[in-house]
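Enquirer: One-letter residues, chain by chain:
Number of protein chains: 2
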Amino acid sequence: MSQLRVHNLTMSVDGYVAGPEQSLQHPLGVGGERLHGWMFATRAGRAMLGGEGGTAGVDDAFVVRGDVGVGATVMGRNMFGPVRGPWPDEEWTGWWGPRPPYGHPVFVLTRHARPSVTMEGGTVFHFVTDGPESALARARAAAGGADVRLGGGAATIRQYLALGLVDHLHVVVAPVLLGDGERIFEPAADLAFRYECAPPVAGDGVTHLVLTRRPR
Amino acid sequence: MSQLRVHNLTMSVDGYVAGPEQSLQHPLGVGGERLHGWMFATRAGRAMLGGEGGTAGVDDAFVVRGDVGVGATVMGRNMFGPVRGPWPDEEWTGWWGPRPPYGHPVFVLTRHARPSVTMEGGTVFHFVTDGPESALARARAAAGGADVRLGGGAATIRQYLALGLVDHLHVVVAPVLLGDGERIFEPAADLAFRYECAPPVAGDGVTHLVLTRRPR
Ligand SMILES: NC(=O)c1ccc[n+]([C@@H]2O[C@H](COP(=O)([O-])OP(=O)(O)OC[C@H]3O[C@@H](n4cnc5c(N)ncnc54)[C@H](OP(=O)(O)O)[C@@H]3O)[C@@H](O)[C@H]2O)c1
Ligand SMILES: NC(=O)c1ccc[n+]([C@@H]2O[C@H](COP(=O)([O-])OP(=O)(O)OC[C@H]3O[C@@H](n4cnc5c(N)ncnc54)[C@H](OP(=O)(O)O)[C@@H]3O)[C@@H](O)[C@H]2O)c1
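First to last, the sequence lines map onto chains A and B.
For the record, in the first sequence the residue sitting at position 187 is 187 according to the numbering used here, with numbers rising by one throughout.
To convert, count from 1 in the second sequence and add 1000; that's the numbering used here.
Derived from the structure by calculation, the hints contain no laboratory data.
Please note that the accuracy of each hint is not assured.
For the chain A half of the interface with chain B, some residues (derived, Cβ under 7 Å), not all of them [claimed, not checked]:
{"no.": "1", "residue": "Asp-14"}
{"no.": "2", "residue": "Gly-37"}
{"no.": "3", "residue": "Phe-40"}
{"no.": "4", "residue": "Gly-51"}
{"no.": "5", "residue": "Leu-177"}
{"no.": "6", "residue": "Gly-179"}
{"no.": "7", "residue": "Pro-187"}
{"no.": "8", "residue": "Ala-189"}
{"no.": "9", "residue": "Leu-191"}
{"no.": "10", "residue": "Ala-192"}
{"no.": "11", "residue": "Tyr-195"}
{"no.": "12", "residue": "Leu-209"}
Label pairs and their computed distance ranges (CB to CB) [said to hold, decoys possible]:
{"no.": "13", "chain 1": "B", "residue 1": "Asp-1089", "chain 2": "A", "residue 2": "Ala-189", "range": "30 to 38 Å"}
{"no.": "14", "chain 1": "A", "residue 1": "Ala-113", "chain 2": "B", "residue 2": "Ala-1198", "range": "42 to 50 Å"}
{"no.": "15", "chain 1": "A", "residue 1": "Trp-95", "chain 2": "B", "residue 2": "Ala-1047", "range": "51 to 59 Å"}
{"no.": "16", "chain 1": "B", "residue 1": "Arg-1194", "chain 2": "A", "residue 2": "Gln-25", "range": "22 to 30 Å"}
{"no.": "17", "chain 1": "B", "residue 1": "His-1112", "chain 2": "A", "residue 2": "Glu-196", "range": "38 to 46 Å"}
{"no.": "18", "chain 1": "B", "residue 1": "Glu-1133", "chain 2": "A", "residue 2": "Ala-189", "range": "31 to 39 Å"}
{"no.": "19", "chain 1": "A", "residue 1": "Pro-199", "chain 2": "B", "residue 2": "Gly-1097", "range": "26 to 34 Å"}
{"no.": "20", "chain 1": "A", "residue 1": "Glu-21", "chain 2": "B", "residue 2": "Gly-1164", "range": "20 to 28 Å"}
{"no.": "21", "chain 1": "A", "residue 1": "Val-58", "chain 2": "B", "residue 2": "Ser-1134", "range": "44 to 52 Å"}
{"no.": "22", "chain 1": "A", "residue 1": "Arg-216", "chain 2": "B", "residue 2": "Met-1048", "range": "38 to 46 Å"}
{"no.": "23", "chain 1": "A", "residue 1": "Phe-40", "chain 2": "B", "residue 2": "Pro-1088", "range": "53 to 61 Å"}
Covered stretches of chain A, going by a simulated chain B footprint (3 or more residues, C-beta under 8 Å) [unchecked claim]:
{"no.": "24", "region": "166-176"}
{"no.": "25", "region": "198-207"}
Ideal Cβ placement from N, Cα and C applies to all residues, glycine included.
Using the sequences and the hints, build the whole thing.
Expert: Right, here's the structure in full:
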């Protein structure tokens, strides 16, 4: 069965996956860029930015695994970009340049309809206005049996967690404090029963935690 | 200068240091007892309960360090016990039996006055009704130049963090989900500037994070 998987989601010690005041200058909110240092030190992380070199240890393995077996991605509109409200035009096509590192269909949750955008290298952005279950169904169909990756951000992950639809949640705790921003965990008494957490894995200056859904 | 130090404060992956519904049966709230398994596997943790044996690695070292150089403790009334509201009588004298593992004066924050209680082995519980700054001043005086340990719980730590009075905050992340309960981190934009976090230290199934206050 096709799974819904979150990978490399990096959280501060105080529980935020994005800092406050997201903008063009601060895609991850103020201070949020400090979260992902570990990833851009890895070989796979550098390759994602078109670079070379990088470490090839446990952090790199986690980054690589995030893409394996994935046939489509779902993300929230704030992860797609800094534009808010009705789209003023169709200029914004994501943070990732003409050739985004997805290479498959990406379903962007938003309340603001927009025609699909075809990028180089197999990435097509589709804008889904009828909610998370519809976005997942469309992503599953597009993935043709492969898994669906849930990219983020926080609001999107919170909804899929509350719906009980996330199968695999890889959280990376970075030794960073953000003070404020977006959390993925909100009070939800049944979360404790629905997921289990594997023993932590020490990376290079970060900690990897993998939550998996208990069998129903 | 005498420091205010938090040690061995164990937090779930979803950010709680106590589960919901604290009671006599569930001192750490429902599910919260799973947080401290790592501590009671260590030699120092077992000794605290009057037991023997236990591991002597990095986790044990962190537990031991928590008591060194400490001359007084401050804690919140919910950490002291499950009784809420005005004290019905003076029977409750803490979770720790006749000889609590403090061995020094302990200042319990509460809005409900109560005479001090002298226990065996040097522990005296004082009840402080005029707020956290007063409790800390009294603890500092009692510690006679030594450090003050801030025991918890969540509400108490949140207040001392907000006041900028915590010097050392050792948080242990356990691979546990609680779903709901008490958090120590609440949105506080300046926290990110006031503290820095050392690289994580891998324990036996848990991760140690040490936050220290930046010099002013
Ligand atoms: N730390 C990490 O590893 C990591 C990973 C991924 C992302 N991030 C960061 O997370 C931040 C984004 O997270 P976020 O919580 O602000 O937002 P988000 O989840 O990316 O997007 C929220 C937006 O998605 C749309 N949306 C969500 N649910 C919807 C629904 N049920 N129906 C219709 N539209 C829906 C809405 O857009 P409209 O307003 O258009 O309706 C909503 O405003 C960014 O800073 C990103 O960089 C961090
Ligand atoms: N995970 C860990 O490592 C760890 C460590 C320590 C404790 N804990 C757990 O944390 C939980 C307790 O935390 P909590 O957040 O519920 O409560 P808490 O901080 O222990 O106590 C809160 C109470 O302290 C008193 N108080 C706090 N601030 C005050 C002020 N400014 N003035 C007067 N009184 C004040 C009030 O008592 P009154 O209602 O009497 O006024 C308040 O209800 C327990 O379950 C404990 O086991 C966990």
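Enquirer: Tell me the numbers of any earlier hints that the structure contravenes, in ascending order.
Expert: 2, 3 and 4
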